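A.B. asks: Given next are the chains, with one letter for each unit.
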Amino acid sequence: MATAASVEFINVEKKYGSVVAVRDVSFRVEAGTLVTLLGPSGCGKTTTLRLVAGLELATGGRIMIGDQDVTALGAAERDVSMVFQSYALFPHMNVLENVMYGPLVSGARRKDAEAMAREKLALIGLSGLEKRLPSELSGGQQQRVAVARAIVLEPSVLLFDEPLSNLDAKLRRKVRDDIRDLQQRLGLTVLYVTHDQQEALAVSDKVIVMDNAVIAQEGTPTDLYERPRTRFLADFIGEANIVEGAFSADQDGVVFEAGGVRFVLGDILLPEGAKAAAFRPDRVVGPSREYSIEAPWGEMLVIRPMRERAIAAGTRVSLEIDPGAAIAISG
Amino acid sequence: MRRRSADRGRVDLIAAGLALAAFLIVPWSYAGSQQSGLGWVLGGRWLMLPPLLLSIATGVLALGGSSTARRRILLSTIGFAAVFGYAFFGQVLDGQPLISHGAGAAVLAGALLVQLTRGLASAGDFKADRWVATTTWTIVALVLLFVFFPVMRALASVMFDAKGNLDFGVMAQRFGTPEIWALGCLTSSRSCGVVPNTIILGLMAGAASTFLGLGFALLAQRGGMKNTKVFDALSLLPIITPPFVIALALVVLFGRTGIITTFLDRTFDIPRSRWIYGLPGVLISQVLSQTPLAYMILRGALQGISPSLEEAAQTLRASPWQTFRTVTWPLLRPAIAASFLLGFVESLADFGNPLVLGGSFEVLSTKIYFAVAGAQHDPGRAASLAIILLVLTLTAFWLQTVWLGKKSYVTVTGKGDAGQPLPLPGPVRFAALSVVVPWVVLTIVIYGIILVGGFVTDIGRGAMTPTVEHFRTGFDIEIGRNGLYFAGSAWDSFFVTVAVSAIAAPLTTLVGILTAYVLSRHNFVGKDVFEFLTMLSFAIPGTVIGVAYIIAFNVPPIEMAGTGLILIICFVFRNMPVGVRAGVAALSQIDRSLDEASTTLGARTGTTVRRVTLPLLKPAIIATLVFSFVHAMTAVSAIVFLVTAKYNMATVYIVNRVEAGEYPLAIAYSSLLIVFMLAVVLGIQKLVGERRIGRRAVAAPVVTIGAH
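One line per chain: the protein sequences are U and S, in this order.
Position 210 of the first sequence, counted from 1, bears residue number 210 in this note's numbering, the numbering being contiguous throughout.
Residues are numbered in this note's numbering as their position in the second sequence, beginning at 1, plus a constant of 331.
Treat the hints as calculated values from the structure; they're not laboratory data.
As the structure is a prediction and not an experimental result, all values here were calculated from the model.
No residue lacks a Cβ here, since even glycine has one placed at the ideal position from N, Cα and C.
Warning: the hint list may mix true and false statements.
To be verified - Only some residues are given here: those of chain S computed to face chain U with a beta carbon under 8 angstroms:
#1 Asp596
#2 Gln645
#3 Leu647
#4 Leu925
#5 Arg935
#6 Pro946
Claimed, not checked - Only pairs whose alpha carbons sit at most 30 angstroms apart, straight line, appear in this in silico DSSO-like list of lysine-lysine:
#7 U:Lys170 <-> U:Lys131
#8 U:Lys131 <-> S:Lys1017
#9 U:Lys206 <-> U:Lys170
#10 S:Lys858 <-> U:Lys111
#11 S:Lys949 <-> S:Lys560
#12 U:Lys170 <-> U:Lys111
#13 S:Lys858 <-> S:Lys458
#14 S:Lys949 <-> U:Lys131
#15 S:Lys949 <-> S:Lys458
#16 U:Lys111 <-> U:Lys131
#17 S:Lys858 <-> S:Lys949
#18 U:Lys15 <-> S:Lys858
#19 S:Lys458 <-> U:Lys15
#20 S:Lys858 <-> S:Lys560
#21 U:Lys275 <-> U:Lys206
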């Protein structure tokens, strides 16, 4: 149905006075894919999203949606819709009026606008709630109204700004899956902002990690988890023990030395200027305990299942590390 | 779905078309000649033609889209400047006398302004938002024309002598006279100059009203009172009470033949005196009318102090008195300073009370009035006094911003803290009660006098025979052959007052709320200056504005003294800050993402404002409507200069009755006004007060406080 379009940033920059919120950012979102912008607060990911929407105008570079250069267009002129973090449902309009709003202000006739709104409300499973005011809905329902309102114009790009942050923990997984399902079913181009790496890894075709106004790394969720390029990325995505040390290569492959211990890492990718190795603690299913262990090269985080007996503080333990799982990181 | 395509200069062309049509048929002037712009041009004023041609050229250029933006800005700027240049300096350019400007001129200037601002937006200003650009600059132009220009023009007149020649000697003389600065009253029994008088009165009124307001606020919030409705009722009173009414009641009570004076004379042989005329009387009446405002400020501050702070102090072993002294009191201090400064400024601006009760005790506001209205008629001297009053007022406001700017402790959080506020320590409660109770009694007596006074022969002389004679004089209605005939002498002023207020209120609301919207939702270069300009008229005392209007708008190019229009414009720009404040407060409660959601759904800014922002601002809009209406009904200081026999206002009519010694009629009329406004305020509250959006209650109408 929707004519999904790609989004492309070409050396985009956004400055507020002398503060740079987005610096020389380039990326491409393929039509019909879901891409997340991930990063800690203040990294520029929300600004990037707002630049796509046209709520902020770039101070440098070009923004393309499909074949159209939209750099100078305001939000009302772009074929982009957004689901806001607060949902931003109009409190003085009922559910139907909220969803009809887009077609109405774009010049559709009332009857057509209502038909379009009802169709999307049915699609999203909200039929029957048309006459309710937003304040009479649960958080999850409000969120779905916001989605219905955003897709009613069948935008070529749909934006989500931290859509799960106002939901309770149990609802998050369901809504997350619903969004992914909807995106796949309708073939939408979705750009999705979150600070939660788990959420990002779970829903995305591609993840763009931002830090300090620039892109730190982009790739598939697997790429990012298994091959983080920098210390920041290794730490930010998944848990990681970062060990400072020196790399060398001999007949066994790559060797890493730290705190007087030699780790034979074997045949791994060694980035330019690698100075540390990251070891992911074993994932544990179900409830777990976290231990901090003093190793010769520094502190290590170890996760064990709750069902094992607890180990008292100060106990001497032995530690087994699979050197093949180590990731060499730079910076 | 396709979004609407960008506007291709349609509005610019329509503006040019309107300008052309108005130029051909609409009278150019407001007063005097009925000629259109074309008529003036054919009559030899060729310089009036270029602005129209520039507007048409701009309109045609706009069809070329944003690539012509720079040329359009240039043409429309020249055109706009040419309109004003000719209006103000035409004499220099073509040797013909200045002419009055009205509807025709306004349409042309407006069209050029619209074209100019749309050009600016096309070139990227205001985030390329044409609606915001036009709205902002229109407000700026109006404020410059109706606040900044008259005030500057009036202030400049201080430099000219009676014949209109530049004379700095006269200026120095005006500023230097001991009449203004004398300090004799501090050291001897001689009287002081008008500036020391004004400052002393202001300081005393500010301190006393803050002290009393604090007592009321502590009792209402912490005094363990079950019913605080009395306090809330008292806080409504000054809003609907014309400023001189309390002075009137004080004369009835304490004047030479007053009720209490007579009682004391007969019973205790205390001789009659005129003590109430002068500083004591003015002070008492000002404190009576200002205390409720102080109460509202301080009660708000007390409510803003989270009970958990006091509970924290108590869990740290502080006694109630220690808690009050070390936590509550320091947190209250900024509000106390604010209340004091507001009381000071209100006292400076007050005109009605000193006029009625001042006697030989002169303050700046009355002195300004007599310099213009009296036998001497000396606008230059009035201007010199106005400058001093303005400087004093602006200093107080400046102090408020530097002093309180960063000291507000009011914690604004989403979640309310649970917990019980600390009850008042015993001695504090006793002290508060002992000042508050007599005060409440005095207030009730005063309003009682006003309500009863109209129905007896002469309450000021103790003649208490019931009569409706005063109401018949003022408000008689005869039934003649042609239906009802309003024979009473006060009807004309009453109808004019209601009509002027009813026209001014929606205009005030429109300008105020739009200003608030622009201020709180958009960022642009020069926003600080814009904010300062819009708040300027709030800081300027009414007497200064009145003098300024009468000096500036009595001669071309803008000639409207003596009309109803000048009254309306005066009210719109005096009360506009009420709307700005209410709007800004309400907008800070409405998340910006609602506007943004509307924009991403394809709505232009104008549509967003109309369909999303304004509906959500309804409570603030209604509050502004009510307050600007009531402010207009009760104002006296500015319009006392602007009324005429034809367009007289209720308050001025009453003041004139007081000056003529016709107290009973003045009291009767005052009571009618108070009852009328009470009905309006309560009626509207009843009508809309219960309206809610969803289950969440909408914030109560914001009470804003303005200088009279």
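A.B. asks: Each hint: holds or not?
C.D. replies: Against the structure, the hints:
1. A distance limit of 8 angstroms between C-beta atoms decides the matter here; for Asp596 of chain S the minimum to chain U is near 64 angstroms, and the interface restraint is violated.
2. Taking 8 angstroms as the C-beta cut-off, the interface hint given for Gln645 of chain S is violated, the closest approach to chain U being about 35 angstroms.
3. Because the smallest distance between the Cβ of Leu647 of chain S and any Cβ of chain U comes to about 34 angstroms, over 8 angstroms, the interface hint for this residue is violated.
4. Hint status for Leu925 of chain S relative to chain U: holds, with the closest Cβ pair at about 5 angstroms, below 8 angstroms.
5. The beta carbon of Arg935 of chain S comes within 5 angstroms of a beta carbon in chain U, closer than 8 angstroms, and the hint placing it at the interface holds.
6. A distance limit of 8 angstroms between C-beta atoms decides the matter here; for Pro946 of chain S the minimum to chain U is near 5 angstroms, and the interface restraint holds.
7. With a C-alpha separation of about 27 angstroms, the suggested pairing of Lys170 of chain U with Lys131 of chain U holds against the 30 angstroms cut-off.
8. Between Lys131 of chain U and Lys1017 of chain S the CA atoms are separated by roughly 27 angstroms; this keeps the pair inside 30 angstroms, and the hint holds.
9. Proximity of Lys206 of chain U to Lys170 of chain U is assessed by CA-CA distance (about 25 angstroms); at most 30 angstroms being required, the pair is judged to hold.
10. As the CA atoms of Lys858 of chain S and Lys111 of chain U are separated by approximately 42 angstroms, the hinted pair breaks the 30 angstroms bound.
11. Among the hinted pairs, Lys949 of chain S with Lys560 of chain S is consistent with the structure: their alpha-carbon atoms are about 26 angstroms apart, no more than 30 angstroms.
12. For the given pair, Lys170 of chain U sits about 38 angstroms from Lys111 of chain U by alpha-carbon distance, which is inconsistent with the 30 angstroms threshold.
13. Between Lys858 of chain S and Lys458 of chain S the alpha-carbon distance is near 14 angstroms, which keeps this suggested pair within the 30 angstroms criterion.
14. With a CA separation close to 21 angstroms, the supplied pair Lys949 of chain S and Lys131 of chain U stays within the 30 angstroms bound.
15. Restraint check for Lys949 of chain S and Lys458 of chain S: satisfied, since their Cα atoms lie roughly 27 angstroms apart, inside the 30 angstroms limit.
16. A threshold of 30 angstroms between alpha carbons decides the hint, and for Lys111 of chain U with Lys131 of chain U the separation of about 16 angstroms falls inside it, so the pair holds.
17. At most 30 angstroms may separate the alpha-carbon atoms for a hinted pair to count; Lys858 of chain S and Lys949 of chain S meet this at roughly 25 angstroms.
18. Our distance criterion of 30 angstroms between C-alpha atoms is met by Lys15 of chain U and Lys858 of chain S, whose separation comes to about 19 angstroms.
19. Distance restraint check for Lys458 of chain S and Lys15 of chain U: the Cα-Cα separation of roughly 14 angstroms lies within the 30 angstroms cut-off, and the hinted pair is therefore satisfied.
20. Restraint check for Lys858 of chain S and Lys560 of chain S: not satisfied, since their Cα atoms lie roughly 41 angstroms apart, outside the 30 angstroms limit.
21. For the hint pairing Lys275 of chain U with Lys206 of chain U, the CA-to-CA distance comes to about 27 angstroms; that is within 30 angstroms, so the pair holds.
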